[in-house]
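Chemist: As a plain string of letters, each chain reads:
Protein chains: 2
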Amino acid sequence: MKNSIPTLEKLDRVFNPRSVAVVGDKQALGYMWLKSLTSFKGRVYSVQIDPNELPGIEKLGVPNYLNLNDIPDAVDYVIAAVPRGVVPAIVKDCIRKQVGGVCFFTSGFAETGTEEGIRLQRVITELANEAGLLVIGPNCVGVYNPRIGLRHNPIQTHGEGGPVGFIAQSGTHATMFTVVGARHGIRFSKSVSYGNAAVLDSTDYLDYLKSDDDTQIIGIYVEAVKDGRKFLSILRALTGKKHVIIWRGGESGEGARATASHTGALAQSSVVWNALIKQCGVIKVDNLEELIDVVKALLYVKPATGTRVGLVAMSGGQSVAIADTFARAGLQVPELSPVSYDRLASFFNIVGGSYRNPFDVSSSFLMSDNAIGNMANMLDVLDKDPKIDSIVLELFTIISPFSKNKNNPDPLLNTIAEFKERSKKPFITIVTAGYNETLAAEIRDRLLEKDIPSFPGFERGARTLKKLADYYKLRQGQSLN
Amino acid sequence: MKNSIPTLEKLDRVFNPRSVAVVGDKQALGYMWLKSLTSFKGRVYSVQIDPNELPGIEKLGVPNYLNLNDIPDAVDYVIAAVPRGVVPAIVKDCIRKQVGGVCFFTSGFAETGTEEGIRLQRVITELANEAGLLVIGPNCVGVYNPRIGLRHNPIQTHGEGGPVGFIAQSGTHATMFTVVGARHGIRFSKSVSYGNAAVLDSTDYLDYLKSDDDTQIIGIYVEAVKDGRKFLSILRALTGKKHVIIWRGGESGEGARATASHTGALAQSSVVWNALIKQCGVIKVDNLEELIDVVKALLYVKPATGTRVGLVAMSGGQSVAIADTFARAGLQVPELSPVSYDRLASFFNIVGGSYRNPFDVSSSFLMSDNAIGNMANMLDVLDKDPKIDSIVLELFTIISPFSKNKNNPDPLLNTIAEFKERSKKPFITIVTAGYNETLAAEIRDRLLEKDIPSFPGFERGARTLKKLADYYKLRQGQSLN
Chain U
93 MKNSIPTLEK LDRVFNPRSV AVVGDKQALG YMWLKSLTSF KGRVYSVQID PNELPGIEKL
153 GVPNYLNLND IPDAVDYVIA AVPRGVVPAI VKDCIRKQVG GVCFFTSGFA ETGTEEGIRL
213 QRVITELANE AGLLVIGPNC VGVYNPRIGL RHNPIQTHGE GGPVGFIAQS GTHATMFTVV
273 GARHGIRFSK SVSYGNAAVL DSTDYLDYLK SDDDTQIIGI YVEAVKDGRK FLSILRALTG
333 KKHVIIWRGG ESGEGARATA SHTGALAQSS VVWNALIKQC GVIKVDNLEE LIDVVKALLY
393 VKPATGTRVG LVAMSGGQSV AIADTFARAG LQVPELSPVS YDRLASFFNI VGGSYRNPFD
453 VSSSFLMSDN AIGNMANMLD VLDKDPKIDS IVLELFTIIS PFSKNKNNPD PLLNTIAEFK
513 ERSKKPFITI VTAGYNETLA AEIRDRLLEK DIPSFPGFER GARTLKKLAD YYKLRQGQSL
573 N
Chain R
93 MKNSIPTLEK LDRVFNPRSV AVVGDKQALG YMWLKSLTSF KGRVYSVQID PNELPGIEKL
153 GVPNYLNLND IPDAVDYVIA AVPRGVVPAI VKDCIRKQVG GVCFFTSGFA ETGTEEGIRL
213 QRVITELANE AGLLVIGPNC VGVYNPRIGL RHNPIQTHGE GGPVGFIAQS GTHATMFTVV
273 GARHGIRFSK SVSYGNAAVL DSTDYLDYLK SDDDTQIIGI YVEAVKDGRK FLSILRALTG
333 KKHVIIWRGG ESGEGARATA SHTGALAQSS VVWNALIKQC GVIKVDNLEE LIDVVKALLY
393 VKPATGTRVG LVAMSGGQSV AIADTFARAG LQVPELSPVS YDRLASFFNI VGGSYRNPFD
453 VSSSFLMSDN AIGNMANMLD VLDKDPKIDS IVLELFTIIS PFSKNKNNPD PLLNTIAEFK
513 ERSKKPFITI VTAGYNETLA AEIRDRLLEK DIPSFPGFER GARTLKKLAD YYKLRQGQSL
573 N
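Here the protein sequences come in this chain order: U and R. When the letters of the first sequence are read in order and numbered with the working numbering, they come out as residues 93 to 573. When the letters of the second sequence are read in order and numbered with the working numbering, they come out as residues 93 to 573.
So here's chain U without its partners, still in its complex pose (with noise of 0.2 Å):
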């Protein structure tokens, strides 16, 4: 019998599951699906025939049952890490249990290229569609919900939920961008690994982060859409209400051939791709580590639109440095109005430096009594300047030996945040390893601690700036709302 209930809704529930059942897990696999589960606030069940994997189980205090329909419990959501020839009876047990939806961490389907593979992913697509059974995957790692604790990988963060939502055709992307845009700041509300597609497609996963409340922020790791016109229409109403980033994975014909491989996914041009990226406002990132900069723009810097920069480097060679890297990336760094070098000279002429912008803030800028004070004044002047629309701020010296801040930079980082907070223009900061990579790092936290966004390189810092820019005049042509 057929189960009518809609997708959104039955997706909801394993968004949201009360409880989750594991078929498979094993010692081989680090037991990495319970222990993922240590955090979930709901109820949890393995199913395993094995016995020498009950013990393991066992340790972990989580009650295993021989089958999934033993289970005295409804259950709201399935993950199953089985060989592949066992996932058309845990299809079945799970139609028959009524569960939720089931995840298939199981690979070796039609990504394979054998018949065997794609006949096996055929079979599942077929039952679960007769059934209305709600299938993720195969070849994926399924659901995270960091506000109830549920995860696919135990170094996921928990507890605290954000506006972000991921949406991954690839495992890997899904776990690494969730951990490691957690260490950058960023905060999930879900985030869905789906693999081959073989019953729910990207378009299912969009449409409900769509309707989601949770949700603001929508990335998406997609090799391959199968309905275009679905994608697009939900793309469409997406438009200027919740912010949508894409990265494509196999945009070039090497990476298409590898997709193939990876989930199954066909190539589809570019062109229409870069079309209806343009068309509804969303915006294109090109790996991981553009996507989590430009979400940590989305989330950390002040919307505008313009592009003309105001940098300020640590020495005279970064000052040169910066203003190359901006320029390349397609952003202004135009002089000054007159009235601002007249405040400036008052007090750059005392300590030292250049500050035609780039602004080079010296050694001896920073070991100067009223360091902090200049650095407020000279911020506020890039504030007030109407030639100015966005500041850079590079905070190389003060994790360097020259530097006065460097054992107390909390005066310093203060003055950076209040000048943050009374800004509207967009401020980022940039902390390149330098000398000492762990202490970049730690004022990297620092910062974020004090929701000051701050990015590893000129580069990525310049790159992410010029696209935001272009996103915020994008949707201002398309004058929504």
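Simulated from the structure, these hints should not be mistaken for lab results. Don't take each hint at face value.
[Unchecked claim] Computed from the model, here is a short list of chain R residues facing chain U with C-beta under 8 Å: (1) T264; (2) S353; (3) D452; (4) M459; (5) Y527.
[To be verified] Below, a list of computed lysine to any residue pairs in the SDA-like style, where the Cα atoms sit at most 25 Å apart: (6) R/K479 with R/R420; (7) R/K127 with U/N500; (8) R/K118 with U/G444; (9) U/K558 with R/R420; (10) R/K334 with R/G253.
[Unchecked claim] Away from chain U, derived, C-beta distances all over 10 Å, residues of chain R: (11) L146; (12) N221; (13) A223; (14) G224; (15) H250; (16) P255; (17) K302; (18) K376; (19) P430; (20) V431; (21) D475; (22) L504.
All values reported here derive from a predicted model rather than from experimental measurement. All C-beta atoms in this analysis are idealised placements derived from N, C-alpha and C, irrespective of residue type, glycine included.
Based on these hints, arrange chain R on the given structure of chain U.
Modeler: This is chain R only, laid out in the frame that chain U set:
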């Protein structure tokens, strides 16, 4: 009386001093200069007249004199960090003392654009030229020779030397490249930061490194060259004899404005520069990262002109991403020869993963019983395939929570090292930060111990391989020795 010793001979004395005097080091600088020289194998003297600074200098065990000419020893190299008004007097002292050369850390000259700064710089130039005094700078950090422990920053390495020389108009870049470069396995013969180039210019240092047997690779960070004709003729003479890499600061209009404030350098046409670079078979880089990557590749990667890469990634998602990134960089990711696929099928079909190129070496591959042997076989197939010019191996999963080899990467690292040794093709690894930046850094260090170059991301690896292939192809076209 004019000192008529040839410049190269004077430079040789300065790059290989037996005695160094520091004029004006002080507490406010953290006695940076004297501390840098604790590693120096020759004799060190201080010249300081401020009685408040003397206890600090005494504590460092360095004999202090009130005037350079009081030092009862010949002085080969002088570093002066004095107020700019005092500089002409120090120049005169150096002339009288007949030192080998002097480097002025002091800034505040032509780069300020002020009348007084320009005048003072002219005084230095005139005094020095008249007497034949070798002046480095002003507004720079001078000479580094790790073999004799001559440093300009206490965090520079010393003891071991190498084949890389560096000429930098910026002190920051000189310090950054030598310090960060060392962590990437780059060892230096000599480096010099020369700032405003009031007396000696890049051309003189280039001429010196050309004749220096210790130097086989020459990096240059330059903002402007005074004698373009001579610069070109030296580059021509170097073509095919030593590798030359140029990073030109101020290439953009925005950057050019910064160079004026930085070292007083005037903008020069990019058209001329690019023609020059092409003519002389120079490798052009745009920033510190590219400089490090290219020099590392020259040192650790076998030369080849082909652009067809075999790519091995550690998951399906990464295999798509690596293929897209290398294709975007202008490299080809071809299908292999049929015989290669036959060989690969024999073990890949057992352990899973994909091997069309790009390869997806999944966790099941790495967790299989013969993971190490399979890795060696896979690399050998790529080595033997005539359709593949160079090989790229991602080492992400060995540091991920999946892998068996996480806790003992030695067998895998040894296998890779042995392969690199026997293969004639360019070979690089890519170790992204992944889930654990500290562990990734450790793995990179371990690879380096075995002379295996690693790059911290797909993009840096791709750009570098492309640059190297283009370079070796150009050299081949120039049919040099």
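Chemist: All the hints need checking, so say for each whether the structure fits it.
Modeler: Quick rundown of the hints versus the structure:
no., hint, result
1, T264, "holds, 4 Å"
2, S353, "holds, 4 Å"
3, D452, "holds, 6 Å"
4, M459, "holds, 7 Å"
5, Y527, "holds, 5 Å"
6, R/K479 with R/R420, "holds, 19 Å"
7, R/K127 with U/N500, "holds, 23 Å"
8, R/K118 with U/G444, "holds, 18 Å"
9, U/K558 with R/R420, "holds, 20 Å"
10, R/K334 with R/G253, "holds, 17 Å"
11, L146, "holds, 21 Å"
12, N221, "holds, 25 Å"
13, A223, "holds, 28 Å"
14, G224, "holds, 29 Å"
15, H250, "holds, 15 Å"
16, P255, "holds, 23 Å"
17, K302, "holds, 24 Å"
18, K376, "holds, 13 Å"
19, P430, "holds, 16 Å"
20, V431, "holds, 19 Å"
21, D475, "holds, 20 Å"
22, L504, "holds, 18 Å"
When held up to the earlier numbered hints, the structure conflicts with none and fits them all.
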